[in-house]
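Build out the structure end to end from the sequences listed, making use of the hints.
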Amino acid sequence: MTAVSFDELVVAEPLWNRERRIGVGLAVAGVAAAVGFGALATGEPARFTLTEDPAGGSVSIDGMFGAVLFGLLAAGAGAVLIVRAARRWFAWLLGAGIVCVLLSFLCWQISSAPAGLNFMPLVDVLRGTFLAALPLIFGALAGVLCERSGVVNVAIEGQLLTGAFAGALVGSITASAWVGLVGGIAGGVLISAMLAWFSIRYLVDQVVLGIVLNFFAVGLTGFIYAQLMRPNAERYNKTPGFPVWELPLLSKIPVLGPAVFTGTLFLFLGLILVVVINVALFRTRWGLRTRSVGEHPAAADTVGIKVLRTRYVNVLLAGAVAGIGGAYFTLDLVSQFSQDMVGGKGFIALAALIFGRWNPIGALFAALFFGFADKLATYLSSISSPIPSDFLAMLPYVATILAVAGLVGRVRAPAADGKPYVKG
Amino acid sequence: MNDSPPNPATTTEAPTTAPPADKEGEPRSLGRLFLHNLWTANTVTVTFLAVVLAMVIGGILIVVASEDLHPLYGYFFSRPTDALTASWDKVSEAYLNLFRGSILDVAAIEGWINGTGRWHLAFFPIAETLNYATPLVFTGLCVALAFRGGLFNIGAQGQAVMGMVLAGLAGFALPLPPGLHLLVALLAGAVGGLVWGFIPGFLKARTGAHEVITTIMLNYVAALFLNWLLLQNGVKDPARLDPISKVVHSSAQLPRLLGSDLRVTLGIVLAVLAAWGAAWMLKRSTFGFELRAVGANPDAARTAGMSVGRTTVVVMALAGALAGLGGSTIVLGAQANALTGPAAGTIGFDGIMVALLGRAKPWGVVGAALLFGALRAGGNRMQSYSGIPLELVTVLQALIVLFVAAPALVKAIFRLRAARAARLETSVAKGW
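The listed protein sequences derive, respectively, from chains A and B.
Just so we're aligned, residue 1 is where the first sequence starts under my numbering, counting upward by one.
Just so we're aligned, residue 425 is where the second sequence starts under my numbering, counting upward by one.
Treat the hints as calculated values from the structure; they're not laboratory data.
All C-beta atoms, glycine included, are put in the ideal place defined by N, C-alpha and C.
Careful, some of the hints might be misleading.
Here are some of the chain B residues that sit facing chain A, going by a computed Cβ distance under 10 Å [stated by the list, open to error]:
| no. | residue |
| --- | --- |
| 1 | P602 |
| 2 | M641 |
| 3 | N643 |
| 4 | D774 |
| 5 | L814 |
Subject to a maximum C-alpha distance of 30 Å in a straight line, what follows is the list of computed DSS-like cross-link-like pairs (lysine-lysine) [said to hold, decoys possible]:
| no. | chain 1 | residue 1 | chain 2 | residue 2 |
| --- | --- | --- | --- | --- |
| 6 | A | K419 | B | K707 |
| 7 | B | K660 | B | K670 |
| 8 | B | K628 | A | K419 |
| 9 | A | K306 | A | K419 |
| 10 | B | K514 | A | K238 |
| 11 | B | K514 | B | K628 |
| 12 | A | K306 | A | K423 |
Here are some chain A residues the structure puts well away from chain B; computed CB gaps all over 10 Å [what the hints assert, rightly or not]:
| no. | residue |
| --- | --- |
| 13 | W16 |
| 14 | G36 |
| 15 | T51 |
| 16 | G76 |
| 17 | W89 |
| 18 | V182 |
| 19 | V260 |
| 20 | V275 |
| 21 | L308 |
| 22 | V313 |
Okay, here's the thing in structure tokens:
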């Protein structure tokens with residue numbers, strides 16, 4: 001047998017691969033931004049304040065100049081991608097390009113804002129991003145736990161809603177936020193217990209089951225809200241809140257401090273859970289078993305891992321995490337439950353899960369991306385942007401579609417995701 | 425009627441149990457055969473028992489959420505009859521009103537026979553049921569066709585809203601003669617839904633973006649678009665302050681079938697025609713075959729030379745058009761005569777449940793839509809006369825679909841025998 005040596009492995013690649021197509025898209029967007037936003041922007045400066053005080057330290061740039069500059073930078077990043085000059089930096093270039101298009105847009109919007117409002121409070125925007133992303137983080141973590149063990153979880157919306165409802169109900173009745181949190185966890189676990197029982201024991205199609213459970217959650221919470229909460233809001237729908245904590249040294253860091261290290265229990269719990277679940281999934285025995293059950297349950301079963309019990313445990317844990325996320329709505333964000341208050345965040349969390357490739361850290365960044373879109377919409381409508389508020393409210397949803405359709409690339413779900421396991 | 429083979433991963437027991445023969449060895453009579461097969465886990469029995477089970481749980485919910493019954497349960501153990509009879513009264517009265525509002529109101533029929541009441545009142549419940557069922561048939565067909573093509577079309581709501589928007593616009597903005605106006609408005613509605621269904625289909629075919637997420641996002645975009653549209657100058661009604669559009673001309677409205685007092689329109693006839701068309705297409709046309717093939721096994725279909733991407737796009741566009749027609753029947757029919765934010769209600773989401781209940785078959789969808797229409801019509805009366813909120817109907821609907829989707833559970837609860845063809849699952853388990 002002759003030895004074959006490969007000095008240079010030539011792989012045929014199409015001319016228009018994904019990298020080039022995204023590069024072209026970015027270049028076009030950059031040029032359009034430079035031309036369009038540059039023309040629309042005024043000569044007023046666009047200020048980005050760095051502290052909570054609007055008159056404090058800030059970075060300022062001339063509106064028209066900024067719009068054109070950032071547009072050209074984005075086009076430049078797109079050009080680099082087209083000629084494939086720096087292949088290893090694809091993700092960074094794409095991210096930088098998107099940020100530049102965004103900055104160009106912001107230069108236009110801020111410079112055209114009415115006098116007194118022509119600044120962007122970075123601290124407030126960053127804090128708003130984290131707070132808007134919180135339910136998405138909890139929902140996506142719930143999805144990670146569930147789907148890594150092989151059970152598709154479309155019912156995140158229902159789990160968030162039931163968690164919010166149970167948190168409000170229990171918190172009001174007991175007048176204690178902590179007991180309300182436990183109630184919220186129980187609410188999320190209720191829906192996920194139904195998900196686990198019907199899909200693992202009775203082999204119902206998991207996507208269908210998730211959708212039906214969402215309807216069930218809407219109907220159940222709406223019904224009990226109409227019967228108990230609406231007539232008697234004082235007793236059943238007035239929740240206490242959690243205090244705001246400031247971490248001693250870290251909250252003094254210039255921009256990040258007030259945004260990330262100052263908040264209620266939910267913010268810290270969410271960030272801690274991301275780290276904990278990441279470590280648990282990838283560095284513990286439990287995590288290895290969970291992932292093996294999600295990838296190849298038959299092999300895991302052969303080794304002696306209890307497949308069905310692992311799935312039950314994971315789905316219930318996912319429900320608990322989603323219940324905490326739901327309790328955030330009624331115990332922190334506002335102090336009462338209203339019908340259908342989750343408003344699609346469960347599905348955005350699902351998109352964040354896929355966008356983050358079923359990975360806790362990825363899910364965190366994806367959730368922050370969608371949370372930023374949400375916060376941006378609120379901010380733009382507060383500076384009386386010429387764009388109608390309804391179209392601004394579409395921003396998170398459109399961002400989700402763009403992310404799932406264009407930016408995510410090829411994703412690989414856990415191999416046994418969605419397939420019920422039957423022994424033998 | 426068997427469209428896909430039994431899935432070995434989901435069938436849990438050996439299928440056939442033949443009825444025992446008589447002592448002389450001859451097969452039993454038709455009556456005996458019927459009774460024997462009645463108590464097996466076939467689709468009719470499972471559906472009926474699922475409804476029964478859902479109503480039992482609904483009854484428990486009514487009792488749990490009634491504050492006036494709570495004190496009676498406080499002393500349950502000393503005098504249980506108080507609590508139990510009060511609970512039974514409340515639940516049975518609620519369900520009787522459900523029946524009276526949807527099918528038959530005996531009092532109204534008696535009034536008609538005696539001459540004290542008009543015949544309209546006797547037919548009112550059925551008319552209401554048909555009125556609510558009309559858009560549900562369309563949205564149910566939309567989701568069912570997509571299911572058969574292997575797609576989860578959760579965007580029926582958005583597609584129906586866009587259809588409703590375009591139909592309404594055509595209804596009040598175009599001055600056309602009576603017959604033509606209706607036709608053009610319906611066509612506009614279909615086009616609106618078609619575009620909204622085309623987008624996720626195209627994204628799925630070209631980029632692999634999962635249609636569950638894209639369709640749900642488009643639902644929200646459609647609702648926000650409607651909100652914006654209602655404030656624009658050409659659309660909003662200048663005489664009113666609330667966000668409502670101009671009134672649709674009477675030349676574009678669907679004619680009423682039983683007189684102007686009852687709310688059943690031509691829409692139900694169109695819905696049945698659409699179901700017949702969908703059944704014909706699935707069974708007898710080339711495209712229907714391609715649709716079913718791609719839904720059952722996209723890889724095999726691709727090997728056989730079918731274009732999976734093209735089929736996906738066309739299926740989603742067709743489904744969107746159907747949902748758009750469903751939305752059109754709302755604004756051109758008896759439920760509304762102008763566009764408002766909540767005009768479309770939840771017909772898209774109800775359509776998903778109708779499709780699941782009808783097991784993604786066109787005539788099953790019609791039956792399921794009638795059931796859901798009946799629940800909605802009865803629920804209205806239950807809300808006005810018994811004070812039970814309409815959300816209970818949503819719970820009942822979700823529970824019915826849940827139990828129908830888990831026939832093994834119903835079988836276990838009622839100890840049914842295994843059916844002859846143990847093919848009870850609604851769609852192939854696929855995950856992402």
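Taking only the CA atoms, is the gap from K514(B) to K238(A) under or equal to 30 Å?
holds (29 Å)
Using Cβ atoms and 10 Å as the threshold, tell me whether V182(A) really stays out of contact range of chain B.
holds (20 Å)
Tell me if the straight-line CA distance from K306(A) to K423(A) falls inside 30 Å.
Given that 30 Å is the threshold and the Cα spacing comes to 11 Å, the pair holds.
Taking the closest pair, is the beta carbon of L308(A) still more than 10 Å from chain B?
Holds: least Cβ distance 14 Å, greater than 10 Å.
Just want to verify: V275(A) was marked as not at the interface with chain B; is every Cβ pair farther apart than 10 Å?
V275(A) clear of chain B: closest Cβ-Cβ about 26 Å, beyond 10 Å.
Take a quick look at whether K514(B) and K628(B) sit within 30 Å of each other, Cα to Cα.
Between K514(B) and K628(B) the Cα gap is close to 49 Å, so the pair fails against 30 Å, i.e. violated.
Given N643(B) as an interface hint, is the shortest Cβ-Cβ distance to chain A below 10 Å?
holds (8 Å)
Take a quick look at whether K306(A) and K419(A) sit within 30 Å of each other, Cα to Cα.
Since the Cα atoms of K306(A) and K419(A) sit roughly 16 Å apart, the hinted pair holds (cutoff 30 Å).
Does the alpha-carbon distance linking K419(A) and K707(B) stay inside the 30 Å limit?
holds (29 Å)
Checking hints one by one. Is L814(B) an interface residue toward chain A, by the C-beta closer than 10 Å rule?
Interface hint status for L814(B): holds (8 Å vs cutoff 10 Å).
Restraint check, 10 Å cut-off on beta carbons, for M641(B) near chain A:
holds (4 Å)
Please settle this one: G76(A) was flagged as non-interface, so is its CB more than 10 Å from every CB on chain B?
holds (26 Å)
When each numbered hint is compared with the structure, violations occur for hints 1, 11.
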